[in-house]
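Undergrad: Residue strings, one per chain:
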Amino acid sequence: MTIASLKQKSTYAELGGQLRYALYCIFHPADGFWCICRDKKASVASATIILIAFSIISVLQLTLSNFQFVLVPIEYFNAIITFLSTPVMIILWSVSNWSFTTLMNGKGKLSHIYIATIYAFTPMIIANTVGIVLSHLLTYDEGALYHSMQMIALIWTVMLLLVSMMQIHDYTMAKAVGSSILGIAGMGFILFLFMLFFSLISDAVMYFISIYNEIIFRMY
Amino acid sequence: MRKLKKTLFTIFVLLLAAVFVTAIPASALATNYSYIYGFWGEEIPTPDAYYVSAYLTGNDFELDGEPIGNFRDPQGLYVRDNRIYVCDTRNDRIVLIEYDEKTDDYHLVRVEYSVMINGAPSEFKAPEDLFEDRNGDVYIADTGNQRILHLDHDFNVINIIVKPDESSLEIDLEFLPQKLVVDFSGRVFTQVKNVNKGLMEFDEKGEFTSFMGAGRVHLSIADIFWRMISSDEQLKRQELIVPTEFNNVAIDHEGFLYTTLSTFQPHEVEYVHPVRRLNSVGTDILVRNGYWVPVGDWFYSFDNNLPYNGVSKFVDVVVFPNDSYACLDRTKGRVFLYDFQGNQLAIFGNPGNQQGFFQNPSAIDRMGNDILVLDAQSAAVTHFKQTDYGFYISEAMNFYFNGLYNESAEMWDEVLKLNGSYDLAYIGKGRAALRNEQYYEAMQYYEAKYDDENYGKAFALYRKEWIEKHIQEIIIIIAGLYVALKVLKYVIKKTRKGREEA
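Chain order of the listed sequences is A and B. Going by the numbering used here, the residue at position 184 of the first sequence is 184; the numbering climbs one at a time, nothing skipped. Going by the numbering used here, the residue at position 360 of the second sequence is 360; the numbering climbs one at a time, nothing skipped.
Next up, chain B with everything else stripped away, as it sits in the complex (with noise of 0.2 Å):
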């Protein structure tokens, strides 16, 4: 009786929660998955801007009925139209995805473990990165083989990049080349572990010509204060202080490199620049107008003994072809986009095991307007795509970023419609107001996100344009207000004098 009782008592539980989850409408099931820094720095829950589409792994590939297995360590990941490269680092392998966007499939190309060197075959070892070029040459970061191998389009090779015989390298360094991205001429960029000096910088036919774009060397006050008066003794036992190296390079459609770098202590982010858009001869030319730099998560435990904690450190960067990049966070797995001007666009990404999340995400690339992520941890592909949200912020950017305000102002409406508390959305409109010369509209939209140097802007217009209005009245009342005063006063001399006399 009383089992029955329990067993009863169960049921009804379990149905009222049924009852209270289904009750539950989606919106409130919201996670902190997505969301974007507002003007005081206050975290606002957002719309998805992407959402995942296909979770890949080794295991769902076959090549000639077999199995190719998992991915293991993969490191570096290389999207060029519809061909995704996978190198799967510990397999020492290079794998080749191809996505039938038709029937949103894909299908496994090739399998790569070797290339033929003089007739023999010799086997990659640790490959950390590739590139496509665009007439189809691909290039691989060979790492634990110290080369980079130049390969066609079939992987025959063409050239091997080693070690250059350069001076200023010393001579027990292993040269390990980690990412690489390779420009328009054939020059091939490369970030090797180990070196400061910046990119080291191959021509096409792979002889090594430069470094590119070194680091500063940030010194604080009180660490000048302290060199200054520590003995070479100390000064030798001291740490070494050393312009920090990059993690990562990416190349966008005009040829400027962009490079991540995490190697920093906490209280650097905000001078340490840890995303850089490098001109030609190596200089940070990234337009930083948003709110804040773009730094990643604005506020972040100190904690770093728990996981998933502490300061945001960028592992990979891609660049839109309306110059808008999407850096990729290790620390809390997460993805930031920004526009040309800096400005966040939208954030999302956490650590976990779900599909969307991230354990210790090492790669980010893009397909058109797709976003593709490989997890180096659950060895996976994560191939994200834009949600109307997100296409409508992007279609949004995209004319902005061609000049066409109008039809920009047309797609923030829509973004407006799905999130009222877009701050770029307002200004935005408030922009294609100015070029409509709606000034005073222009200046509500600007106020309502307090953008003042654009509010300015529109206010100049608009009171150039109310004095010109109203002109007539304006020297009407300054006029009557003259000849009142010269009354008033007349006025008072009399009956003072009025008085005195009387």
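Extracted from the complex, chain A is given alone in its bound form (with noise of 0.2 Å):
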């Protein structure tokens, strides 16, 4: 997609087909992830936007709901780190994941991991804006339907999740499933690198700071 094309009416015609193809895709994930990146139904704009509608619900989920089913410490809650989490698990995940992948055959690139990660989330936004509706509607005692309904958003999207890395790289389930842990366990190692990478620039920085500090002192 280029900036000219945003001028086009097409342009958005095409993104409602894509978003829309987020309902096909969780409901016949097989076809859907297949057509994903072979068909072009899905673009990296669909899925960002898909992406910052997701962060907007988690943000609104722990804001909005009623106590009786979300309890946050309103005190010390903090919208911006909530709203930026989501993303950041996503991007850490789909690099992480690409780079196993890469490794073990896998067919998918970067931007296919990407697309079919966040539309295999679709179901978790569904669910959780009808769960911000149902919390002020339902009392504590019918709060089974909430955790349910919260469950198997959360199981449907793990099969998502699953059935996406099996269409995408052209894996068996087994396989599908390793790459997962072992993607996991990437993102934690990703993590560990990137704090290593800063505490070691900050001391690096500190270090060139008290050298200019002490030469400051000694001048005068």
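Possibly wrong hints are sitting among the right ones.
[Said to hold, decoys possible] Just the calculated beta-carbon pair ranges, DEER-fashion:
1) F299(B) to F77(A): 20 to 28 Å
2) L71(A) to N194(B): 40 to 48 Å
3) L71(A) to E270(B): 18 to 26 Å
4) I209(A) to H218(B): 51 to 59 Å
5) S210(A) to Y300(B): 23 to 31 Å
6) R237(B) to F77(A): 50 to 58 Å
7) I229(B) to S199(A): 37 to 45 Å
8) V72(A) to N406(B): 17 to 25 Å
9) I211(A) to Y300(B): 23 to 31 Å
10) F217(A) to W40(B): 45 to 53 Å
11) E75(A) to E98(B): 47 to 55 Å
12) F83(A) to S301(B): 52 to 60 Å
13) L71(A) to K205(B): 55 to 63 Å
The hints are simulated quantities; they were obtained by calculation from the structure and are not laboratory data. Positions of the beta carbon are idealized from the N, C-alpha and C atoms, including for glycine.
Hints given; two lone chains; assemble the complex.
TA: Set out below in structure tokens:
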């Protein structure tokens, strides 16, 4: 998609179709995820829109839900960190998964993984949105309905993630599960490297700052 | 000249300090003496629920003009009506003090060193506890003499309980009854040192009947695993895992026994249940519906080398007529008050040697609503009385316990005037509002303190009422939406058709 194409009406029609494709995807995962990368039924742009929607819903779920079902210590709640954590996790997962699957004969590209992962989260987005409304209509005793809905959405999402792994990389189920576990481990490893990197960088910066201070103090 | 300057400067500083000290309002001098835990586990300072009305040491009392001397390591305290019994353990004596509420005065009534048995005096030896039943009979755990004395109210011996001929007790075990209570029918329940099968129960004739309320052994998964793979030789050398023994026992107005125990590791505090309410077969029936199980302090340092550190260790408990109970914590010298549902009502006390602070508290009892605490190290009885704040809380609990929710709410209002962050007050007011069919108000009170279960109940009723009230509008809106949808579909169909035709 180019900037020029933003002016054309057909771009938006196409984007709308791609967003609607998410609903097809969650009910026909095998077919849906196969076509994501082969038939251009979904794009990075549509996936990013869904990701932003997911981030917003995650924040709203924690703030707007009734306290019977979602209880956060609102004094210590940070909306920005909550908002950013979703995209960070998705991107971490995509990179980590891509790095493992390229070594394991995976057919998928990074963009395919990114799109498929986000599309797989559609049930969670729907369940969370419905959950916000439902939390204000249900009582504590009827909470089983709310919690089972959330649970079903979670299981559904996990299944979709596995199916998307199979379809994108042309894997068997066992290989998809294995690569997913490796992917989660990889996420932790990437986070560790980041932390190591930043702590070393800050140490290095502090070293030069202290040299600078030392010189300044000697000068005067 | 220089000296004068210095003196003037000192005076100036002192004056300045005096100005600052007097300028600080009383509230700013608040210590962490009274506090309570909030929903998220935060410690919220509260007004004092109890204040020290008297501090009694042995030196305050004279018998026939002779001072009786200080208590030494007193372990037992018992109060019935206005009579305060102190088991002055190291002095081998029982001291009876009477409190006169009208004049707020304490009189020494008697000091007993011995009782007459078969015409000969038999001295007490390290008595650790005492109980006076409803008939005025006195039971003394004469620990050092390995016996329990059953006396009438003039200290004439009625019966003596000694070590029973019980096969389950080791032959060389010394019978050291440390704490005892007596129920309405005259049965004696005693906690005996080094007996971990529970409390020993004696019938009214002094015959041993059974053990009661033995703790269950808790094995963690790691324990089970290591025991599975260890050889018999290793198992022999390992520490035996045995049920923990109680350290104290109390009885409430209904005849239920309350026990405390303190021999456990810090990490076991959650499931060891340091305070228990036992029914007649010894099952723990204490209600634990609070934010957390009643264990004393929620947060503590693990460093056991520092003084006054570590998990709370309850050494005594006393029960009020509304089933609230106060636990005495030896670790930090604190009193924890819980209601009959296991909610925290108040916490007060700290280690120290000021009035109202404790060094090694050993026993707690109550006189009406007053609390008396015996400190073994400072050898003194501290008499606490309720402040207005404490009075309102206990009154509110009394009303609530008897089902008078509206009267209870009035008392909670008074509590809220003194402490706006008292969780139980909001929940109590919510309860009254729910009873008065003010569902929305009740919901707001419950939501303020995150009481989801009660909120759900109020909300269910509110929802029902709301739907019944707005049923017409709901039907009209649904019908309207349905019609609008149909019309919209029809219009779209028409325009599409028209476009295709054109």
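Undergrad: Indicate, hint by hint, whether the structure satisfies it.
TA: Taking the hints in turn, this is what the structure says about them:
{"no.": "1", "hint": "F299(B) to F77(A): 20 to 28 Å", "result": "22 Å, holds"}
{"no.": "2", "hint": "L71(A) to N194(B): 40 to 48 Å", "result": "47 Å, holds"}
{"no.": "3", "hint": "L71(A) to E270(B): 18 to 26 Å", "result": "21 Å, holds"}
{"no.": "4", "hint": "I209(A) to H218(B): 51 to 59 Å", "result": "54 Å, holds"}
{"no.": "5", "hint": "S210(A) to Y300(B): 23 to 31 Å", "result": "39 Å, violated"}
{"no.": "6", "hint": "R237(B) to F77(A): 50 to 58 Å", "result": "53 Å, holds"}
{"no.": "7", "hint": "I229(B) to S199(A): 37 to 45 Å", "result": "41 Å, holds"}
{"no.": "8", "hint": "V72(A) to N406(B): 17 to 25 Å", "result": "34 Å, violated"}
{"no.": "9", "hint": "I211(A) to Y300(B): 23 to 31 Å", "result": "45 Å, violated"}
{"no.": "10", "hint": "F217(A) to W40(B): 45 to 53 Å", "result": "46 Å, holds"}
{"no.": "11", "hint": "E75(A) to E98(B): 47 to 55 Å", "result": "52 Å, holds"}
{"no.": "12", "hint": "F83(A) to S301(B): 52 to 60 Å", "result": "37 Å, violated"}
{"no.": "13", "hint": "L71(A) to K205(B): 55 to 63 Å", "result": "57 Å, holds"}
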